[in-house]
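Chains as they are written, first to last, in the working numbering: chain W, 1 to 209; chain C, 1 to 76.
Hints listed in this document are in silico derivations from the structure and should not be mistaken for laboratory results.
Just so you know, these numbers come straight off a predicted model, no measurement behind them.
Backbone N, C-alpha and C define an ideal beta-carbon position, used for all residues, glycine too.
Watch out, some of these pointers could steer you wrong.
[As the list claims (entries may be wrong)] Which residues of chain W face chain C? A partial, calculated answer using Cβ under 7 Å: (1) C62; (2) G66; (3) S75; (4) I78; (5) A101; (6) V103; (7) Q116; (8) I141; (9) Q142; (10) A147; (11) A149; (12) V207.
Each chain, written out:
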Amino acid sequence: MELKATIDNAVGSAIVQIDGTIAINVSGADTQATANSTFNVIGHSTYTVSTQGSYIDDTYFCDLNGSVNNDFLGSVKIHAIFPTGAGANTDWTPNTGANYAAVDDANPDDATTYIQSDTPGNKDTYVFGNLPAGVWDVLAIQHNIMAQASARTIRGLERVGGVDYETATATPAATYNETLIVTEISPDTAVAWTQAEIDASEFGVKVQA
Amino acid sequence: MTAEVTQDVIESLDLDANTQVTQDTIESFDLDLNAYVTQYLIEAFDIPARIQVTQFMLEIFSLEAPIGRSQVIVIG
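Start from the sequences and build out the full structure, keeping to the hints where you can.
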């Protein structure tokens, strides 16, 4: 199910697609409930008893930034992959074990295993396992970095063909929280990532400043 | 709140400033933290400038071809 909406007091619109077919199509409507033409909450409701819940996965949001991913995308699948080995850069310091092993947890373990650095320019990159069979057109890559920082900023690293490409700069929170960085195209080819390209690349982090 | 007042407030508390207390304390003051004050607070609490990462993972967004539909979907 996909929703595309425009928030406006007079010419608002909302289109809902289910499996690619339009199920709801509203236009010329007042879709703005407050003085703000923006939203900051998405709610999912299901009819259940209090002891039951529901699981929703493969959720994506698009805005109008960039030249791609600005409309309905279709049936999106999100694959999570984790570091499986050391990459070409190991500048950061692990509190125990190997760098990659300190950040490869499926569930973050905070102060139990981590890497740290206070030196701008320090890089850490990791090898990842191949994507599962059945991945077709890659729309974007999201770096999920569970980090905390004081007086430092961070960048994601994408090492493609032996070259370290840097993402936009992000500022982690003071306590462990997700820092999310999205890249929609390959920094090497300036077009969509391919499965083979991702499989052959390293990804990681850099202390920016 | 100026940096000078911040200094007075910090010293009056005589905190045992571990990181968690520091974070809570800073937020409780609701300070207008410009860069100068932030640096001042960091130095006052002896918080080193650093980043720690406990998890790094990638999420790959890709198109999945549903049963009975074409694998080719045009992206607007």
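Violating hint indices (sorted, rising): Numbers 1, 2 and 5, in rising order.
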